[in-house]
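**Q** So the sequences go chain by chain: W, Y, R, L, U and G. According to the numbering used here, the stretch in the first sequence is residues 1 to 116, in order. According to the numbering used here, the stretch in the second sequence is residues 1 to 116, in order. According to the numbering used here, the stretch in the third sequence is residues 1 to 116, in order. According to the numbering used here, the stretch in the fourth sequence is residues 1 to 380, in order. According to the numbering used here, the stretch in the fifth sequence is residues 1 to 380, in order. According to the numbering used here, the stretch in the sixth sequence is residues 1 to 380, in order.
The hints are simulated quantities; they were obtained by calculation from the structure and are not laboratory data. Check before you lean on any hint, since a few could be wrong.
Claimed, not checked - Simulated DEER-style distance windows between Cβ atoms:
#, chain 1, residue 1, chain 2, residue 2, range
1, L, Ala21, G, Glu63, 43 to 49 Å
2, U, Leu25, G, Asp5, 44 to 50 Å
3, Y, Arg38, G, Ala193, 14 to 20 Å
4, L, Asp345, W, Leu9, 39 to 45 Å
5, L, Tyr61, G, Glu76, 16 to 22 Å
To be verified - In silico lysine-lysine, DSS-like type, Cα no more than 30 Å apart, as pairs:
#, chain 1, residue 1, chain 2, residue 2
6, G, Lys151, U, Lys72
7, L, Lys72, U, Lys72
8, U, Lys151, L, Lys72
9, L, Lys151, U, Lys72
10, L, Lys151, G, Lys72
11, G, Lys72, U, Lys151
To be verified - Sample of chain L residues at the chain G side, in silico, Cβ under 7 Å:
#, residue
12, Pro41
13, Val42
14, Phe49
15, Leu53
16, Glu251
17, Asn254
18, Leu258
All residues carry an ideal CB built from backbone N, CA and C; glycine is no exception.
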Amino acid sequence: MNPTLVNSLWITLLSMSIVFAALLLLAGLMSAMTRVFRDREETLATLAPEPSPSVGGEQNGKMCAAAIAVAVALAEQEQSTAHPITPPQPSIVGAWQLGMRTRQMTQKGESSRRGK
Amino acid sequence: MNPTLVNSLWITLLSMSIVFAALLLLAGLMSAMTRVFRDREETLATLAPEPSPSVGGEQNGKMCAAAIAVAVALAEQEQSTAHPITPPQPSIVGAWQLGMRTRQMTQKGESSRRGK
Amino acid sequence: MNPTLVNSLWITLLSMSIVFAALLLLAGLMSAMTRVFRDREETLATLAPEPSPSVGGEQNGKMCAAAIAVAVALAEQEQSTAHPITPPQPSIVGAWQLGMRTRQMTQKGESSRRGK
Amino acid sequence: MNVLDLLANIFGGLTFTWANALMLLIGGVLIYLAVAKEYEPVLLLPIGFGCILANLGMSAYAEESFMRVIYKAGIETELFPLLIFIGVGAMIDFRPLLAQPSLALLGAAGQFGIFGTLLLAAALGFPLNEAASIGVIGAIDGPTAIFVTTKLAPHLLGPIAVAAYSYMSLIPIIQPPIMRMMTTRKERLIRMAYAPRPVSRMTAVAFPVMVTVAISLIAPSAAPLIAALMLGNLLREAGVVDRLSKAAQNEIINIATLFLGLAIGATMTADKFLYDPATGIQWQTLMVLGLGLLAFVVDTIAGLLFGKLMCFVTGGKVNPLIGACGISAFPMAGRLSAKMALEEDPDNFILMHAMGANTAGQLGSVIAGGVLLAVVMGMM
Amino acid sequence: MNVLDLLANIFGGLTFTWANALMLLIGGVLIYLAVAKEYEPVLLLPIGFGCILANLGMSAYAEESFMRVIYKAGIETELFPLLIFIGVGAMIDFRPLLAQPSLALLGAAGQFGIFGTLLLAAALGFPLNEAASIGVIGAIDGPTAIFVTTKLAPHLLGPIAVAAYSYMSLIPIIQPPIMRMMTTRKERLIRMAYAPRPVSRMTAVAFPVMVTVAISLIAPSAAPLIAALMLGNLLREAGVVDRLSKAAQNEIINIATLFLGLAIGATMTADKFLYDPATGIQWQTLMVLGLGLLAFVVDTIAGLLFGKLMCFVTGGKVNPLIGACGISAFPMAGRLSAKMALEEDPDNFILMHAMGANTAGQLGSVIAGGVLLAVVMGMM
Amino acid sequence: MNVLDLLANIFGGLTFTWANALMLLIGGVLIYLAVAKEYEPVLLLPIGFGCILANLGMSAYAEESFMRVIYKAGIETELFPLLIFIGVGAMIDFRPLLAQPSLALLGAAGQFGIFGTLLLAAALGFPLNEAASIGVIGAIDGPTAIFVTTKLAPHLLGPIAVAAYSYMSLIPIIQPPIMRMMTTRKERLIRMAYAPRPVSRMTAVAFPVMVTVAISLIAPSAAPLIAALMLGNLLREAGVVDRLSKAAQNEIINIATLFLGLAIGATMTADKFLYDPATGIQWQTLMVLGLGLLAFVVDTIAGLLFGKLMCFVTGGKVNPLIGACGISAFPMAGRLSAKMALEEDPDNFILMHAMGANTAGQLGSVIAGGVLLAVVMGMM
Ligand code: NA
Ligand code: NA
Ligand code: NA
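Modelling step: build the complete structure from the supplied sequences, incorporating the hints.
**A** In structure tokens:
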């Protein structure tokens, strides 16, 4: 067996372990992050109305589920594709510092005023 | 006569010959290309309906010709100027790989499905 | 007193003098420019109708002034901010040399024709 | 100065052989594939045109060639693939993955093709740096393949980029038969519960930062690629820098793509790709193309096998089809899996799961490419 | 080659200390300020991300780092701040100033903060080049501060840029209390006659050319900055080069901003910003941040005092509030002053005067920065 | 360190002579022509502003000048004219020429002005490289003139670019009198049959590739220019890479144009353009401007003569007016010829033929420029 092949075997073993380890770590991180940030926002969430329970028989429920799935799929498609279909509105910002600063000023000016 | 001038005369003679030769060659190439590719597409063309023959007397014909010429000229103008008048639609594609790949997949998926 | 501080004092004195001198010069320049160019355009201006004098009592005049100020302020805001609010029209020019040259040709062709 | 000298000045510079002529044809074929078949046209068209230029005296290796200027500015510095990744990152939505973190494992399984191909190339006698570059076609991610190849075996950039992008276009043709062969109809009918955790904006913003830190610490060689991808994603999710996000998705990626393609095409000189007068025919080009195709197949099979494993472990709650999206090739592979499921059962929607696995595959590809790069660089 | 060697190859490159970890946190805070608080997000977000990269082995000082490529291409050549200024110039309307030239003096008074801070920094023991770089935070103009610091003390780029941009975002919080303290209600109620001279298109076009010539002759070191700002303004006012004006306001400024931010962040390595193993904690960073805040305060006070002087000299015809706009920070300071006047009396419109003083402040900042640069460069 | 030293630091750097002052005026005139007369403003305005900068210490030859950075990055590498050509190619429609290939010959005849001017310049004592650069103004195509001059006589870039672009703007004033003088009313009334061959999409796509190959083999020196032009055209006609085509027509060409103009203006220092203390007044500048004007006239006359020849050969089927469009100056010359025909007879539409000849002139200009470059480079 040629030495390059031997090396390659070791590389394969090691690299795939690292890849799996890395993605496991990421999975853990993601789990933790969604949990931590959700907890913070839960106070808000409890105030929101419960989703209305699906009414109707089996057939009805199935149609419902399909409709929801289609909607979700469509929504997801639009989201995840950076909107290839809808034309993005022509770059709204004509001013760089300007826009941002103006907004900040308005907001902060307002709040500092209210704060009085 | 200064040597630069002599050289320049030779350069002129040679260069203009090459320029003419090159554009003659291009003319030949273009002729050939339009012929070759037209032949390929002729099958399609024969299926298309004949243009309706121009009806009417001399005067009428002249007006017709003028109208067509104007239309052609306008069309050409729009074509050949990269549309200086009509505002180009705001860059439609928000997604690079996405848009292209999606289109391909849809098309190919469709055709491979039909192919079954 | 450390030598850097001494140097800094001198720098401050000199630099601020130059800054004031420079902006004084600019003020002079601006004064001169607006005057020179206005004189040139005065011929045109005298032909324009006089603005209608404001009619009404003190109270009315004050409201007027406020309204004008608001309008001016709004107009200024739009002007001076490179339009952060109104979306800039999608880049109109599809063609670079084309657009400009066409416009020139039309204008100049026209005028040279008229000039005949 | 006589006429012959003048003629020599005009026509002297260029040497043009039958191999160059053949390369022109190959460039023409790439352009044809791009225009008529729409195989990744934004890349194959510039690559094809660059290939033509390379064989008309304007290669990336020719002194005073403007293609050399572009090559040195964007490929040698690695900037072009990174700029493209900033744009790609700004187009990716990681929410489906964030909502279902366990899908991340599929993105690891989809990288076996890289190493399977590496092993085969090594067995066939390729030196390690070339074998690794060929293997990275199996990342099924253009910028990653180009980034790694530029550092390990820049003379193979042409065939590897062509393989990576043209096969990527063939995903809808390569994958379906394998998917049907490897899974039972029953497996393909499995429905997956869609009860994702809600993903807050804060999570979406923190995610790219976290990933950059984590991956840079685990696999430092993958750091630039991950950093560029995540920078783009951060611009997207921040929501307050629309100007920058749009610049990344448009100006930056368009210009980088055009010149990346041209510069890669400009490396495809006849002597590197087809026939070197010194060493004869460059069989390695054909082998790269063949091994690259294999990498795609191995990736898909490994992904599906892991999908079946997950199906078994979870007691049938995972549709193995989504294993095929772990290969990267975002977002085509994800869409394709969802489509296959729909074909079996028009009520079976697994798109969200597929896209989650697909984005995980994107991450996995970059990590695998980076780790491979680090090891091989250290051994060279 | 054994397994340990392989592992060393993969993990060897990176050294990661507690100081690096702290810097990651600082980068995260900058991103948080950008995203959640919207403090100049187009700059603080890239700076924050660049800071994270710098401490994961991708700093502007690391060989083979792509951030180094960007740093050398855009910061060392000074191109990025100049490109940004072309875009800023294309967004500024100098008509309010042209219509009321006497407001120009306010733009000079607003620069005292630069020199007050320089003096204090010198007194605290900073060498002259560092003291001058810290002082230039008082220009309250990002590109000017970066341009000057790059030439005088590039190792301070990180803290100075962070100070300049984050305090600039705090203008609506820093200035109002000072304005209320320094002026009487009677002064704030002063109305200013609005009878501007008409500004013809010719004037608006000639102005940027004239300013470029005048300032380049008076203060040659400020020439590149003024030239870039005025080029942008010329493109705007010419009216016949819309394509170029739009390119300046969009593509050019967006791309330059993104990479400027990243490259500056990439200078914020732990040893330069936080803790150098050789010399200990870098207290200078904290001092830069503190002195920078002071510069803002001094600028505002000096501007208001000069406003009061103008009020006195003109016999009460000038509202001192517009003195606070001479500091630059265009257009926030101008808007804020007008807002303060409106709060006291809803009929008191001084926006046009405030914007005139504010654009004068922009010019004054560039000139002051240039003069300071010239002197200190000559003394180094 | 005393006050005098400080003052020397601030004001020391700049030397400013009466010649510099005159150059500022010349820069001002260029800006005036651009703004008030709209003479190719996208180029003359940046050139004028660059000229002003060049004489305020920011020339392309000054060490540490940012204009030098731009000059080296885009002019010395020849990138800017090529990038502009990519954009121009994406704006040109070659269909009118493809439909009537015989018009191609007119594009050759329109190049006589190049060589007539070259001969005259040589007779006047210019060395060959300068004479050739002056002649290439007769290509009546900005990027070609700049590309050739950069390689042959970069010190003449300023006057040659100014001549090329300002005369191009004067086409509607220069050509009509010559056209009326050289043709009879009867000739101008000739109608041309419009029966073009249909041009398929395949032809339109294959054309740019074919032209690149053919011209690169016939005239290798013209290869980069033709390749850039045809790349742009391929992006346009491919129809599948809209993103890239739009980037070429907008971002790429706008940015390249702005900085090309600035960098060319930055070569117009007083000593190169007006008065060199060592050698006295630079009369050559005036001669370049004079000879350039002549080149336009000779081009037009040669084109018209060839048009008359074609008219004679075809037995009166060709309107000689279209001979005047062979000079390049796309698309102004084409429009102008069609307009002249319409003025004589409002029913005479020759626009399609004129545009065909005009695009042929564009090709002929590039080829002639390339051949000239090759010969002269070989003889230097
Ligand atoms: Na992969
Ligand atoms: Na300031
Ligand atoms: Na020509």
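**Q** Each of the hints needs a verdict: does it hold here or not?
**A** Hint check results:
1. Separation of Ala21(L) from Glu63(G) is about 48 Å and conforms to the stated range, judged on CB atoms against 43 to 49 Å.
2. At about 46 Å, the CB distance of Leu25(U) to Asp5(G) agrees with the hint of 44 to 50 Å.
3. Restraint check, Arg38(Y) to Ala193(G): a C-beta distance of roughly 19 Å satisfies the suggested window 14 to 20 Å.
4. In this structure the hint that Asp345(L) and Leu9(W) lie 39 to 45 Å apart at CB holds, the actual value being about 42 Å.
5. Separation of Tyr61(L) from Glu76(G) is about 20 Å and conforms to the stated range, judged on CB atoms against 16 to 22 Å.
6. This hinted pair checks out: Lys151(G) and Lys72(U) have alpha carbons roughly 27 Å apart, not beyond 30 Å.
7. Between Lys72(L) and Lys72(U), the direct Cα distance comes to roughly 15 Å. Compliance with the 30 Å bound is thereby established for this hinted pair.
8. Taken as a hint, the Lys151(U) and Lys72(L) pair is honoured in the structure, with Cα atoms around 27 Å apart against an allowance of 30 Å.
9. For the hint linking Lys151(L) to Lys72(U), the alpha-carbon distance of about 21 Å falls within 30 Å, and the restraint holds.
10. The straight-line distance between the Cα atoms of Lys151(L) and Lys72(G) is roughly 27 Å, inside the 30 Å bound, and the hint therefore holds.
11. With a C-alpha separation of about 21 Å, the suggested pairing of Lys72(G) with Lys151(U) holds against the 30 Å cut-off.
12. Contact between Pro41(L) and chain G, as hinted, is supported at the beta carbon level, the nearest pair being about 4 Å apart and thus within 7 Å.
13. With its C-beta approaching chain G no nearer than about 5 Å, Val42(L) sits inside the 7 Å limit, and its interface hint holds.
14. Because the closest C-beta pair between Phe49(L) and chain G is about 6 Å apart, less than 7 Å, the hint holds.
15. Interface restraint check: Leu53(L) against chain G, minimum CB-CB distance 6 Å, threshold 7 Å, status holds.
16. Satisfaction of the interface hint for Glu251(L) is found here, the shortest Cβ-Cβ separation to chain G being roughly 5 Å, below the 7 Å cut-off.
17. The interface hint given for Asn254(L) is met, as the beta carbon of that residue sits about 4 Å from the closest beta carbon of chain G, less than 7 Å.
18. For Leu258(L), the suggested interface contact is upheld, since its CB lies about 5 Å from the closest CB of chain G, less than 7 Å.
Violation of the numbered hints given earlier is absent; every hint is satisfied by the structure.
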